[in-house]
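2 protein chains.
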Amino acid sequence: MAYTVGLDYGTNSVRCVIVDVADGNELGTAVYEYETGDAGIILDPADHNLARQNPADYIKGIEATVKEALAKAKKAHKDFDTAGIIGIGVDTTGSTPIPVDKNGTPLSMSDRFKDNPNANAWLWKDHTGHAEAAEITELAEKEHPEYLDKCGSTYSSEWFFSKILHCLRTDPKVFDAAYTWVECCDYVPAVLTGTQQPDQIKPSRCAAGHKAMFNADWGGLPAKEFLANLDPKLGELRDRLYNETYTVEAKAGDLTDKWAQKLGLTAGIPVAVGAFDAHLGAVGSGIAPGKLVKIIGTSTCDMLVADSSQQLADIPGICGIVDGSILPGFFGLEAGQSAVGDIFNWFVNYVAAGSHEALTEKAANLRPGQSGLLALDWNNGNRTILVDQRLTGLLLGQTLHTKPEEIYRALIEATAFGALTIINRFEEYGVKVAEVINCGGIAEKNPLLMQIYADVTGREMKISRSAQSCALGAAIAGAVVAGARSGGYDNFAKAQAAMCGIKDVTFKPMAENQEIYKQLYTLYKQLHDAFGLKDSSAKLGDVMKDLLNIKDRANA
Amino acid sequence: MAYTVGLDYGTNSVRCVIVDVADGNELGTAVYEYETGDAGIILDPADHNLARQNPADYIKGIEATVKEALAKAKKAHKDFDTAGIIGIGVDTTGSTPIPVDKNGTPLSMSDRFKDNPNANAWLWKDHTGHAEAAEITELAEKEHPEYLDKCGSTYSSEWFFSKILHCLRTDPKVFDAAYTWVECCDYVPAVLTGTQQPDQIKPSRCAAGHKAMFNADWGGLPAKEFLANLDPKLGELRDRLYNETYTVEAKAGDLTDKWAQKLGLTAGIPVAVGAFDAHLGAVGSGIAPGKLVKIIGTSTCDMLVADSSQQLADIPGICGIVDGSILPGFFGLEAGQSAVGDIFNWFVNYVAAGSHEALTEKAANLRPGQSGLLALDWNNGNRTILVDQRLTGLLLGQTLHTKPEEIYRALIEATAFGALTIINRFEEYGVKVAEVINCGGIAEKNPLLMQIYADVTGREMKISRSAQSCALGAAIAGAVVAGARSGGYDNFAKAQAAMCGIKDVTFKPMAENQEIYKQLYTLYKQLHDAFGLKDSSAKLGDVMKDLLNIKDRANA
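Here the protein sequences come in this chain order: A and B. Going by my numbering, the first residue of the first sequence is number 67, and it counts up by one from there. Going by my numbering, the first residue of the second sequence is number 67, and it counts up by one from there.
Careful, some of the hints might be misleading.
Note: identical chains are not told apart, hence a pair may lie in one copy or across any two.
To be verified - The calculated lysine-lysine pairs, modelled on BS3-like cross-linking and capped at a C-alpha distance of 27 Å, are: (1) 428 to 469; (2) 560 to 357; (3) 584 to 600; (4) 511 to 569; (5) 605 to 584; (6) 208 to 611.
Because the hints were derived from the structure by calculation, they are not lab data.
Between the sequences and the hints, there should be enough to build the whole structure, so can you do that?
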């Protein structure tokens with residue numbers, strides 16, 4: 067019997083799962099809520115853009131969760147033996163860079179900087195670097211447009227260099243004290259394997275490619291000269307960053323004696339190179355060519371892979387195309403919607419009287435088109451395919467009789483139309499989407515949403531069997547890095563075949579609903595283009611009447 | 067001391083006021099709720115378009131309200147004497163036609179038809195004739211486009227001939243039994259003056275001109291041939307309708323002995339020709355050239371007058387232009403918004419958690435532009451200037467933080483933008499709007515709305531002193547028809563000068579708000595044209611960004 071450990075670092079907590087390598091079953095699981103800040107996030111009441119994390123919480127979380135998960139596995143499974151654990155995988159949020167000293171120790175752990183938020187991890191959703199992001203985008207457009215081609219034409223405030231440059235500009239003492247900056251997903255494996263020294267770390271291809279413009283086409287990270295043009299000191303930092311990156315089949319190192327003892331595991335078992343949660347979540351959901359994995363939460367990540375031995379065009383508006391960021395040997399493609407669950411939460415928490423459950427129940431009794439409503443899903447901007455944060459929500463078709471459940475359903479439908487727009491964009495550029503595997507709480511809990519997604523996209527909606535796809539993906543990486551000779555697998559395809567699965571219940575498109583949603587999607591796309599594109603010549607004079615005609619037919 | 071009686075027939079009740087001719091003070095008032103149906107309206111659960119009223123309720127209402135109002139006046143004012151009452155005026159809803167026999171008695175009062183809703187009064191908001199309205203519009207466009215020029219290019223299902231033609235088509239027994247059809251505003255004065263015989267009735271110019279395409283330019287009502295083309299029997303009815311119409315300065319007749327006795331009034335006092343509530347409401351609010359009267363309720367009526375000795379172009383999209391429909395010697399111009407209070411009611415009753423009061427209080431703390439929201443006020447279609455019922459609401463700019471009070475304020479602002487669009491249309495065609503007098507509950511109770519209207523339209527908002535402008539207008543008609551020799555007035559200008567007034571509190575535009583609303587109105591107009599006009603080339607690609615820019619500046 068062989069097992070692996072998956073460590074999944076989320077926004078508010080870290081989760082550990084102990085997984086059976088034979089079938090992917092989760093034998094024990096434990097969660098540690100980060101201690102520092104507000105639900106694990108260091109905030110600044112004066113600056114809503116600021117979101118930091120204490121790296122010490124990441125380390126505390128290892129011991130707390132691994133020990134508890136092992137204890138649970140032992141308790142629940144008599145034949146479970148910790149000696150059977152053959153590997154460890156790690157996924158984290160990102161881009162979440164940490165300023166570290168020459169030994170790879172976070173500056174926040176020093177007395178000098180322990181109270182300075184800038185010396186902590188800059189959490190993915192920290193937006194303090196928005197001005198720097200715009201600056202990087204502008205310079206890249208001028209000097210190196212190719213840098214942006216793979217990441218949706220716009221460098222984000224959430225990404226690596228925006229954050230570092232912002233630190234340099236606003237807190238030069240921290241910047242100067244930092245020998246280099248390490249992504250959270252590189253930091254945790256380095257800690258476990260005693261490879262924290264910057265020159266020993268094996269940087270994640272996933273993080274580097276999606277967030278730091280790393281690409282073999284131009285020799286790795288952006289040119290020193292380019293970074294120096296942003297700031298000479300950023301150019302100097304380039305020399306202390308990395309030139310090689312690794313996919314999750316590579317080993318970050320071997321578990322140190324000290325950590326093995328602390329956790330009760332076997333010293334020397336391999337720890338896989340880290341990756342982001344969505345990417346290993348896609349692995350845990352069984353991603354493969356033609357299989358779109360949708361991770362649906364407050365926002366969505368839409369993940370696809372495409373054989374990297376074939377030519378692949380740049381796909382406008384897709385967040386990132388990185389060779390090996392999800393599966394070795396495949397381009398990893400990342401798209402997403404800026405808000406999905408967040409839109410429903412907004413409506414329920416801020417606007418309407420009623421709960422998610424009550425509104426969903428009533429919305430489920432409506433037929434497509436019946437409300438006459440149409441919405442855009444842009445309350446938090448549009449990530450794919452418009453890559454534009456300065457877009458907002460829209461609701462159209464309301465009368466004096468429009469009910470909250472009708473609006474709620476229209477909002478679900480809007481996110482489905484947004485999902486279809488992403489699928490269409492992939493297919494327009496030759497990346498087929500034959501089936502869709504969903505994961506995340508909403509997919510599991512809301513059959514109405516899944517049916518609407520099936521009807522709108524015209525594709526069967528499947529749901530990942532594991533409720534912890536990200537942690538499972540990390541555990542799969544642990545099994546692959548251990549290899550077949552240790553009881554694991556020699557490649558991801560074999561590991562996924564054994565360890566992934568989908569739930570029995572799936573959602574098939576219903577022809578009569580599809581027909582109506584086709585008509586509604588035509589109108590959605592008209593609004594999408596009219597409000598989303600600078601010079602659209604979309605004519606909207608018939609939109610309200612077309613909607614009323616659809617409504618009349620649906621109510622006939 | 068001279069007094070007059072104003073009888074104001076509304077949708078659910080009739081109100082009587084006893085007014086002092088010297089200063090317009092209301093000495094006594096009484097309300098009678100119609101007995102029949104649901105809040106006075108006969109409904110059909112199987113047909114939401116149907117809305118009828120029992121004419122017997124109109125008659126019961128006279129005695130009930132006049133006697134009570136007189137008693138109250140006596141009680142409250144020691145020197146009040148019913149002998150001082152010199153005239154009576156009447157306003158009603160409309161178009162509210164009643165099928166009557168040769169004696170002018172409503173068919174619903176006969177045994178044969180007493181249980182048939184079609185034999186009752188067809189209330190203004192009855193929409194059963196929508197197909198017939200479309201038919202009339204289509205035929206008029208082909209054969210007599212001039213018929214539609216004065217009534218906004220579309221003949222409405224709410225109007226006289228749509229209802230009669232629908233009766234003819236669906237209940238020929240009622241149609242055949244009807245000698246003719248009489249508007250409610252003609253029926254009540256006829257009852258009071260014993261002139262119910264169809265050839266004795268003095269038909270209201272207001273009703274005929276706004277609802278029955280009556281115009282001196284083509285010799286009165288539509289040609290017999292035109293009506294016969296719709297149905298031969300409708301052509302025959304033309305001969306039993308009228309050729310002359312009268313303004314409210316004309317006398318419908320003298321109060322009969324029977325009614326004088328019943329009410330305790332002096333026999334022979336004059337009763338003015340009737341008119342619609344909005345028109346006499348405008349009179350009671352002090353309408354005059356350059357003074358727009360806005361009657362703000364669930365919807366609005368926007369009333370203007372223009373000297374009829376001057377040339378006046380047809381104004382596209384205005385509901386009606388009728389010589390003498392409001393004041394003798396002036397064109398009466400009627401515009402309106404299909405929903406105002408109804409939109410706020412919809413939001414509070416159907417969608418949001420919170421009351422009008424709570425939402426208004428919070429909305430009042432917001433600055434113009436601060437929410438980033440923009441709405442269209444079309445939840446019930448658009449009456450003026452687009453004359454299109456098949457338009458719907460739109461809300462734009464919502465984020466994940468948008469609050470109900472922000473939406474509530476955006477809805478108020480949308481109705482203000484709609485109001486400005488009407489004002490602009492009048493001015494484009496040479497009818498100046500120098501000041502605005504508002505009446506109706508919302509105007510009196512919601513200073514936030516009044517301030518927004520002032521800021522958006524750039525005009526001072528005044529409020530009619532009387533809370534019962536319609537009934538006061540009717541009483542003013544009573545004073546004019548009585549004439550100066552009886553203690554009344556010889557014309558409306560003199561009567562209004564004495565009897566009308568505005569409240570002390572007015573709302574002046576604030577320059578800084580005006581500036582922001584100018585920017586928002588530009589965006590409103592872009593949406594208005596893009597969604598409201600068939601072939602608008604409005605480009606909307608910047609609307610969301612422009613709104614966010616306005617929002618950012620408002621929050622700076």
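Tested hints:
| no. | hint | verdict |
| --- | --- | --- |
| 1 | 428 to 469 | both (10 Å within a copy, 23 Å between copies) |
| 2 | 560 to 357 | within (16 Å within a copy, 82 Å between copies) |
| 3 | 584 to 600 | both (25 Å within a copy, 23 Å between copies) |
| 4 | 511 to 569 | within (12 Å within a copy, 58 Å between copies) |
| 5 | 605 to 584 | both (18 Å within a copy, 25 Å between copies) |
| 6 | 208 to 611 | between (45 Å within a copy, 24 Å between copies) |
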